[in-house]
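> Sequence:
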Amino acid sequence: MQTENDYDKEVYNGDVGFVTAIDPVIGELRIGFDGRDIAYLFGELDQVSLAYATTIHKSQGSEYPVVIIPVTTQHYAMLQRNLLYTGVTRGKRLVTLLGQRKAVMIAVKNVSGRRRWSKLREWLNEASLQLGKS
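According to numbering that gives the first Met the number 0, the sequence shown is numbered sequentially starting from 0.
By construction, these hints were calculated from the structure, which means they are not laboratory data.
Warning: the hint list may mix true and false statements.
Cross-link-like lysine-lysine pairs, in silico, DSBU-like; alpha carbons within 30 Å at most [unchecked claim]: (1) 118 - 8; (2) 57 - 91; (3) 57 - 132; (4) 108 - 91; (5) 101 - 91; (6) 57 - 101; (7) 101 - 132; (8) 91 - 132; (9) 101 - 118; (10) 108 - 118.
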């Protein structure tokens, strides 16, 4: 998984690829991202990490064929509706919630996550007023 944006290579934070080649002689590893082979010198490998499993936070903006989400009461602080929604919507074909029904119910009912102050409503109202003037 690419862990930071690299505009020169055209790979971005959260992109997932597969190692296609390693050349220890020239010190290069190649990763295939959506059919494009990207070369990394060994000194650039801090830009990628193994992604056998990843967090919901890191998966934002990406989709995966299969998503398995552990949902247990042991991680009570993480049981939030917005996190569960984000995790579930990452799956393209199959999403499995693995854990306790009670934990899923707690997450679904918990809307106490941080409120976002985007000013979107204000901007839309301003835009609407501007359109009304023209």
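> Give a verdict on every hint.
Tested hints:
no., hint, in the structure
1, 118 - 8, "34 Å, violated"
2, 57 - 91, "17 Å, holds"
3, 57 - 132, "43 Å, violated"
4, 108 - 91, "25 Å, holds"
5, 101 - 91, "25 Å, holds"
6, 57 - 101, "25 Å, holds"
7, 101 - 132, "53 Å, violated"
8, 91 - 132, "44 Å, violated"
9, 101 - 118, "35 Å, violated"
10, 108 - 118, "26 Å, holds"
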